[in-house]
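Colleague: Listed below are the residues making up each chain.
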Amino acid sequence: NAGVTQTPKFRVLKTGQSMTLLCAQDMNHEYMYWYRQDPGMGLRLIHYSVGEGTTAKGEVPDGYNVSRLKKQNFLLGLESAAPSQTSVYFCASSYALTTPNEQFFGPGTRLTVL
Amino acid sequence: DAKTTQPNSMESNEEEPVHLPCNHSTISGTDYIHWYRQLPSQGPEYVIHGLTSNVNNRMASLAIAEDRKSSTLILHRATLRDAAVYYCILRCDSWGKLQFGAGTQVVVTP
Numbered sequence: 001n002a003g004v005t006q007t008p009k010f011r012v013l014k015t016g017q018s019m020t021l022l023c024a025q026d027m028n029h030e031y032m033y034w035y036r037q038d039p040g041m042g043l044r045l046i047h048y049s050v051g052e053g054t055t056a057k058g059e060v061p062d063g064y065n066v067s068r069l070k071k072q073n074f075l076l077g078l079e080s081a082a083p084s085q086t087s088v089y090f091c092a093s094s095y096a097l098t099t100p101n102e103q104f105f106g107p108g109t110r111l112t113v114l
Numbered sequence: 115d116a117k118t119t120q121p122n123s124m125e126s127n128e129e130e131p132v133h134l135p136c137n138h139s140t141i142s143g144t145d146y147i148h149w150y151r152q153l154p155s156q157g158p159e160y161v162i163h164g165l166t167s168n169v170n171n172r173m174a175s176l177a178i179a180e181d182r183k184s185s186t187l188i189l190h191r192a193t194l195r196d197a198a199v200y201y202c203i204l205r206c207d208s209w210g211k212l213q214f215g216a217g218t219q220v221v222v223t224p
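So the sequences go chain by chain: W and R. The first sequence begins at 1 in this note's numbering and counts up by one. The second sequence begins at 115 in this note's numbering and counts up by one.
Next comes chain W alone, as it looks inside the complex (with noise of 0.2 Å):
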């Protein structure tokens, strides 16, 4: 199994332009989740989703959208990228939402915005 996958690995933006991140994973999990990490902190949540066609808003929504039209692929996109959403992006996974609910994590996504 490959897990949590992530593409692209890297990626420059100049501001105002658009991108998407695809985020896969194998396991079958129900719960997909989204967060980025700024240098020298901890990762916080975007945006998650609880099943295929369902998406909802975490702590840092603002600037992003997600899609997540088949169960094992979760979109993030940047409609008009700005230099605040220069960060590492990381997709998530669980089978549940409670506990024991172990999130698998992604290699990640490092994006640059100029």
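Bear in mind the hints are in silico, worked out from the structure with no lab data behind them. Note that CB positions come from ideal geometry on N, CA and C, so glycine has one too. There could be a bad hint or two in this list.
What the hints assert, rightly or not - Restraint-style ranges between C-beta atoms, simulated for each label pair:
(1) W/Ala-2 to R/Thr-144: 30 to 36 Å
(2) R/Leu-165 to W/Gln-17: 43 to 49 Å
(3) W/Asn-65 to R/Glu-129: 46 to 52 Å
(4) W/Ser-67 to R/Ser-155: 25 to 31 Å
(5) W/Asn-28 to R/Thr-193: 31 to 37 Å
(6) W/Met-41 to R/His-190: 25 to 31 Å
(7) W/Lys-14 to R/Ala-179: 50 to 56 Å
(8) W/Ser-80 to R/Gly-143: 42 to 48 Å
(9) R/Thr-144 to W/Ser-67: 29 to 35 Å
(10) R/Thr-186 to W/Tyr-95: 24 to 30 Å
(11) W/Met-41 to R/Met-173: 21 to 27 Å
(12) R/Pro-135 to W/Asn-65: 35 to 41 Å
(13) W/Ser-80 to R/Thr-186: 44 to 50 Å
Stated by the list, open to error - Calculated cross-link-like contacts (lysine-lysine; reagent style DSS-like; alpha-carbon spacing at most 25 Å):
(14) W/Lys-57 to R/Lys-117
(15) R/Lys-183 to R/Lys-211
(16) W/Lys-70 to R/Lys-211
(17) R/Lys-211 to W/Lys-57
(18) W/Lys-71 to R/Lys-211
(19) R/Lys-211 to R/Lys-117
(20) W/Lys-9 to W/Lys-71
(21) W/Lys-57 to W/Lys-9
(22) W/Lys-9 to W/Lys-70
(23) W/Lys-70 to W/Lys-57
(24) W/Lys-57 to W/Lys-71
(25) R/Lys-117 to R/Lys-183
Following the hints, put chain R in place on chain W, whose structure we already have.
Modeller: Chain R in isolation, oriented as in the chain W frame:
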């Protein structure tokens, strides 16, 4: 979610035990204590979790104080591969959101 307090960093020699403290004085009765770690340039990975009793697994042990206001993650024999940032997280059982703090940077020297 209740807040946790961890030291910024800790150092250990290889093959010695590492005790990572976490204070959570405002923990509620429904909060589980979770530990994750993040190796350099990787996503976090689950280590262990507990509610009231001490817990052991292949990676580590979790010792929880009787009043639950603090806990300690124990790595029994540190290896170079254990060098990572360790996060202590409280999570209410009603919903699985993980709130990460800054964590403890563990440095393992040969």
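Colleague: All hints, please: hold or fail.
Modeller: Hint by hint, here is what the structure shows:
Distance hint for W/Ala-2 and R/Thr-144: a CB-CB separation of about 34 Å, consistent with the stated range 30 to 36 Å. Under the hint 43 to 49 Å, the C-beta atoms of R/Leu-165 and W/Gln-17, about 46 Å apart, fit the expected range. Range check, W/Asn-65 to R/Glu-129: Cβ separation about 48 Å, and the 46 to 52 Å hint holds. At about 28 Å, the beta-carbon gap between W/Ser-67 and R/Ser-155 stays in the expected band of 25 to 31 Å.
In this structure the supplied range 31 to 37 Å holds for W/Asn-28 paired with R/Thr-193, their Cβ-Cβ distance being about 32 Å. Under the hint 25 to 31 Å, the C-beta atoms of W/Met-41 and R/His-190, about 29 Å apart, fit the expected range. For W/Lys-14 paired with R/Ala-179, a C-beta distance near 51 Å keeps the hint of 50 to 56 Å intact. Range check, W/Ser-80 to R/Gly-143: Cβ separation about 44 Å, and the 42 to 48 Å hint holds.
Checked against the hint of 29 to 35 Å, the pair R/Thr-144 and W/Ser-67 passes, with Cβ atoms roughly 32 Å apart. The supplied range of 24 to 30 Å is met by R/Thr-186 and W/Tyr-95, whose beta-carbon atoms lie about 28 Å from each other. At about 24 Å, the CB distance of W/Met-41 to R/Met-173 agrees with the hint of 21 to 27 Å. A C-beta distance of roughly 40 Å is found between R/Pro-135 and W/Asn-65, which places it inside the suggested range of 35 to 41 Å.
Distance hint check for W/Ser-80 and R/Thr-186: the Cβ-Cβ separation is about 46 Å, which falls inside the suggested range of 44 to 50 Å. With a C-alpha separation of about 21 Å, the suggested pair W/Lys-57 and R/Lys-117 falls inside the 25 Å cut-off, and the hint holds. Only pairs whose Cα atoms come within 25 Å are accepted, and R/Lys-183 paired with R/Lys-211 is accepted, the gap being roughly 20 Å. Distance check on the hinted pair: W/Lys-70 and R/Lys-211 sit about 22 Å apart at the alpha-carbon level, within 25 Å; holds.
The hinted pair formed by R/Lys-211 and W/Lys-57 meets the criterion: a straight-line CA distance of about 11 Å does not exceed 25 Å. Taken as a hint, the W/Lys-71 and R/Lys-211 pair is honoured in the structure, with Cα atoms around 19 Å apart against an allowance of 25 Å. Distance hint between R/Lys-211 and R/Lys-117 is fulfilled; the C-alpha atoms sit about 14 Å from each other, no more than 25 Å. Using a Cα cut-off of 25 Å, the hinted pair W/Lys-9 and W/Lys-71 holds, with the two alpha carbons roughly 22 Å apart.
Between W/Lys-57 and W/Lys-9 the CA atoms are separated by roughly 24 Å; this keeps the pair inside 25 Å, and the hint holds. Taken as a hint, the W/Lys-9 and W/Lys-70 pair is honoured in the structure, with Cα atoms around 21 Å apart against an allowance of 25 Å. Simply put, W/Lys-70 and W/Lys-57 have alpha-carbon atoms about 18 Å apart, close enough for the 25 Å limit, and the pair holds. Restraint check: the Cα-Cα separation between W/Lys-57 and W/Lys-71 comes to about 18 Å, which is no more than 25 Å; the hinted pair holds.
The hinted pair formed by R/Lys-117 and R/Lys-183 meets the criterion: a straight-line CA distance of about 11 Å does not exceed 25 Å.
Every hint from the earlier list agrees with this structure, and none is contradicted.
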